[in-house]
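Residue numbers (the working numbering), protein chains in the order written: chain A, 1145 to 1489; chain B, 1145 to 1489; chain C, 1145 to 1489; chain D, 1145 to 1489.
Among these hints, one or two may not hold up.
It does not matter which identical chain is meant; a pair holds if it fits inside one copy or across any two.
Straight-line Cα separation of at most 20 angstroms, DMTMM-like style, residue types lysine to aspartate or glutamate; simulated pairs [said to hold, decoys possible]:
#: 1; residue 1: K1221; residue 2: E1238
#: 2; residue 1: K1451; residue 2: E1337
#: 3; residue 1: K1373; residue 2: E1238
#: 4; residue 1: K1242; residue 2: D1453
#: 5; residue 1: K1445; residue 2: E1168
To be clear, the hints were calculated from the coordinates, so they are not data collected in a lab. Quick caveat: nothing in here was measured; it's all calculated off a predicted structure.
Protein chains: 4
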Amino acid sequence: MKALVYHGPGKKSWEEKAKPVIKEQTDAVVKILKTTICGTDLHIMKGDVATVTDGRIIGHEGIGIIDEVGSSVNNFKKGDHVLISCITSCGKCEYCKKSMYSHCESGGWILGNTIDGTQAEYVRIPFADNSLYPIPANADEDALVMLSDILPTGFECGVLNGKVKPGDTIAIVGAGPIGMAALLTAQFYTPAEIIMIDQDNNRLDVAKTLGATHTINDKDENAVEKVMKLTHGKGVDTAIEAVGLPATFELCGKIVAAGGHLANIGVHGKSVILHLESLWSRNITITAGLVDTVSTPMLFKTVQSHKLDPKKLITHRFKLDEIMEAYDTFEHAANEKALKVILTS
Amino acid sequence: MKALVYHGPGKKSWEEKAKPVIKEQTDAVVKILKTTICGTDLHIMKGDVATVTDGRIIGHEGIGIIDEVGSSVNNFKKGDHVLISCITSCGKCEYCKKSMYSHCESGGWILGNTIDGTQAEYVRIPFADNSLYPIPANADEDALVMLSDILPTGFECGVLNGKVKPGDTIAIVGAGPIGMAALLTAQFYTPAEIIMIDQDNNRLDVAKTLGATHTINDKDENAVEKVMKLTHGKGVDTAIEAVGLPATFELCGKIVAAGGHLANIGVHGKSVILHLESLWSRNITITAGLVDTVSTPMLFKTVQSHKLDPKKLITHRFKLDEIMEAYDTFEHAANEKALKVILTS
Amino acid sequence: MKALVYHGPGKKSWEEKAKPVIKEQTDAVVKILKTTICGTDLHIMKGDVATVTDGRIIGHEGIGIIDEVGSSVNNFKKGDHVLISCITSCGKCEYCKKSMYSHCESGGWILGNTIDGTQAEYVRIPFADNSLYPIPANADEDALVMLSDILPTGFECGVLNGKVKPGDTIAIVGAGPIGMAALLTAQFYTPAEIIMIDQDNNRLDVAKTLGATHTINDKDENAVEKVMKLTHGKGVDTAIEAVGLPATFELCGKIVAAGGHLANIGVHGKSVILHLESLWSRNITITAGLVDTVSTPMLFKTVQSHKLDPKKLITHRFKLDEIMEAYDTFEHAANEKALKVILTS
Amino acid sequence: MKALVYHGPGKKSWEEKAKPVIKEQTDAVVKILKTTICGTDLHIMKGDVATVTDGRIIGHEGIGIIDEVGSSVNNFKKGDHVLISCITSCGKCEYCKKSMYSHCESGGWILGNTIDGTQAEYVRIPFADNSLYPIPANADEDALVMLSDILPTGFECGVLNGKVKPGDTIAIVGAGPIGMAALLTAQFYTPAEIIMIDQDNNRLDVAKTLGATHTINDKDENAVEKVMKLTHGKGVDTAIEAVGLPATFELCGKIVAAGGHLANIGVHGKSVILHLESLWSRNITITAGLVDTVSTPMLFKTVQSHKLDPKKLITHRFKLDEIMEAYDTFEHAANEKALKVILTS
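Isolated chain A, as found in the complex (with noise of 0.2 angstroms):
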């Protein structure tokens, strides 16, 4: 089968790889139907991730058909559409009784980082019943392609952690896909105000269109006075870092009201100056996580119901094959204009 290869730094190929067999028998073999690129793929593309080594098969995305099943598979057979998840979960270690999949003892994020991933004609998916979600007949599997990962990131990470409630003022720094998949599913909440913050004006009018209320480009605006003053000086409920730069975690540390949640979603490469010398009698919580997934199912409904339309954060397709250029596009987003990419086999 072909597949897309990272070969160090730099170096990647669209190229020949033995197609994938059941090692386990809570294995399934998928075949790929659609799959998408992530943020996270450009910085393993860079070097930057250690785990990935030569000759990785990228991608923690996207949906397929059933193509066989191990023996102790329960909840899926050969032929069944499915929806992967970036996290599996083998279901029955400590963390996964807790609901924690990111943690998982035997999974987390495995999938095109330390095994094979999903941007290839098929893919190996260990623990299946616990990390594949059955996709009815009916479905729009364009939008369930964005339910692998982004969707269940920014709202569990930023909206869950941040607590959003109804009526609140929220902000959320950075309008990438992620930003943008905590702006959809915020409005799960029904917050008051939401305010984007970005320093690209297309990505800000593409927020307004997607539920903003407020957008502040802060390379032109002081974002903090500009918050402050739609705030009566109080700050927001939630401040949501979607970026994971120093300059903006600090950003949401002065922008957040007192009693706020301060929830961040970037990752995160360097160390950050926390303002305790000023937050310490804030009454303000911060959290820091990856995604677990225990959201998918829900997000699901919220698709199937047309309450949520995260088909809106696709901005360019290509087929499978044409991999190398959808890469190439996603790389100059600002200039491509691009949000998600999706690729169809």
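Here the structure of chain A is known, so what remains is to put chains B, C and D in place on it, guided by the hints.
Just chains B, C and D now, with coordinates in the frame of chain A:
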């Protein structure tokens, strides 16, 4: 001044009464701008509410202008527009400190019950700082009248107690004003499906325009069977009782899923049968209680930000001195297709 | 092997049965070291539990040694000492993923009910990875037998559902083994007062030694009056029903404070009267449900750290092959002053 | 009357001041029976707290007798014994209605800060109904002085924010009075292990008598290594910071387990480094904030029912007019082996 006065079962009149005055330094006197009639007022008129005695001015909803405040009132001054809560809170008893304002030792539901109420040109509001809410200049005052009682009641007793969550399937039994308030505010949490059950087709039609995804007329149809069919035999995550009869409560018990919530809003005059012989093993939660109106500030924000439009519940409009006619309309709600009437001074 | 077999109402025998074998690759076969008899087993013996049929080996509690495991079992190997949960969990159905193991689509309470149980020399445990817990070398195995069922049941259905908090006043109605388990585990949350209500003075005396601060024999005293006197007319923050009769459930409804919790543990064979005509305005929460045994790992830690000593509930000890005598003792619990009997192989 | 007055950094005196009088009708004047000295008072004396100016009577803890009340005070009358909260709450601003008394718009921590405090023969308490608590006749008044500040602070900011649960392993960094208050109140939730970390062996020995299961002197030992060894490499479920220095905060970040809580109590004068490059993926929650004293009524109940004995923290006793000597002792806490000093009028 003129006021609507209760004179025993079946007897009321719009008559001259003394204008109220400040009795305690925490009181305010409010000139009524708008008020409405509650289902509870009809119960009072039938003689069902023993605490209401001959000579009482009734009514516990409305907005107005501050006419006078006692010396210990800090939050308001003459001329301020205010929303009157149906629940009076002293802010300093054991219950108020636990946010259980409905059980306030010196307050709770006293307006139009044990002290004179809001269906009058003026009303005295005890503990004004904790029982009134400021209305800004640009607000939609018709909409805000709905926040005195029915919106917080539907929301707190139905939606919050019922723990409605994104993606849930819920049922609301009773499509009167309170059921409709639960319907509007349930959508704060984006349930996937909302099934409205009533015996009045007009109300069910209105429910559809307000967000119900399914309706069942349980005069014509077997509601249990239909709910079970819609939910693939599982039942609903939350069943909200908004009628107050044994039959509707028992219906809720039959349609709630394992792990689900039965939230009672209805005022019950009789005991009900609880089928613990089947429910004991279903991991359900049943709640019952008075509104505390702790959610009023939040509801206010959602009205101001156009996330909630409670004005949709207003079907009829009268001048305040046409209140006898307004009662007539509201007493024949089914024929008149009435939900909420609004009275303007 | 030998096993205790049900042969219809009133008939049981300790007889020869075939040793169980691995049927699915997720099974384990466990050699029983210790088991006990549950009140539910007495119900079964009376013919009250329709799902239990002639020929069934009963029992759903115990500890043992792994004798054999299927190829998909990862957490255990031959020779490991294990605690058997009364609830079997597949770990991969919709309910297990929501931690509602009691409603597991392939499990739940099946041991000694729809499949053969633990009152035998060997037992087959399906989904072993999710239904057994490892026992370290130095553990107190007598104490751990109490963790198969009664401790998690008292804790989850009584204490957790009842939301017992530091400083609370609580009442437990029923001082049998389950009520005692609620008594022991309620103290995890340091309530100020624990009122134990029963009709057996011996059990009330034991309750005092286990931490009850007050006891009421409601055969001799008016329990409602006495609770109201102790609580200055307010009632208890949490009332735990640990009997399963209409009268005890209604007692709980009469003694629960405004804002309080009524947590039902009892197995009810009949419907009960719920006095909504008074309770509707009391802001109460009623819960009812099966144990999920999600708290077993936590209970394990509290036993290991000597914060909980469930061995205090053991009143009688037998050899496994004396089980007919043990049943005789447990069936006459009041006369024998029996709480839990323990059987050792 | 006599009072302890601040006269700029390093200068204080026990001197004659005018007895306070009622200024607002919601005030009470309280005759001090017992007071104590807080670590914060030492900071004030060093000139670290800019809001405290020359001439201020300091102190924010104590119990006393009501000497006089304003006309709007309902809960108290002359002669009542009362506990003074370190936090003044108006009961009617936006923050008080959300139970965030620490951020009360007219109150918060003002006693001995922006208004005269409790280290005096008399003190004026604004908003007496919401800022004082009644003391019954038989109460242990020495114990209750500890409830003005350190017990609610340790409990709310450490134990509640840190979500301590039964069976948890927790660490408390800092064995001063606040850390000890966290230690005492953490036991309300029955953690399995409590690791106390400090550099003073005397305090660690005291911690053991108060319930610590392990102690680490991090002057002599590598605390991270030792905690990791005790927790089998996982870290603690909750790390409570009770010092207020960058090093102790960072230590907490290093020992908190995946999925755990870092609850900051310490008052920080400097920013800290937050190692998001490792913590971003650890699913942790960090909290920081002032005490709201919402738990005072509950703590009161646990003292009355002998579940909590805060008197154990009292190491030294003085008469009120020996306060200069008491300060001297408290300023040399390590040498004097002092935790809390108590001053009696």
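Quick rundown of the hints versus the structure:
1. In this assembly of identical chains, the alpha carbons of K1221 and E1238 lie at most 20 angstroms apart only when taken from different copies (17 angstroms versus 28 angstroms within one copy).
2. Proximity of K1451 to E1337 under the C-alpha cut-off of 20 angstroms is found in both arrangements, the shortest distances being 19 angstroms within a copy and 10 angstroms between copies.
3. Taking identical chains as interchangeable, the C-alpha atoms of K1373 and E1238 lie at most 20 angstroms apart only when they sit on different chains, with a minimum of 19 angstroms there against 47 angstroms within one chain.
4. Taking the closest pair of Cα atoms, K1242 and D1453 never come within 20 angstroms of each other, the shortest separation being 30 angstroms inside a single copy and 25 angstroms across copies.
5. For the identical chains of this complex, K1445 and E1168 are neighbours neither inside a copy (31 angstroms) nor across copies (32 angstroms), given an alpha-carbon limit of 20 angstroms.
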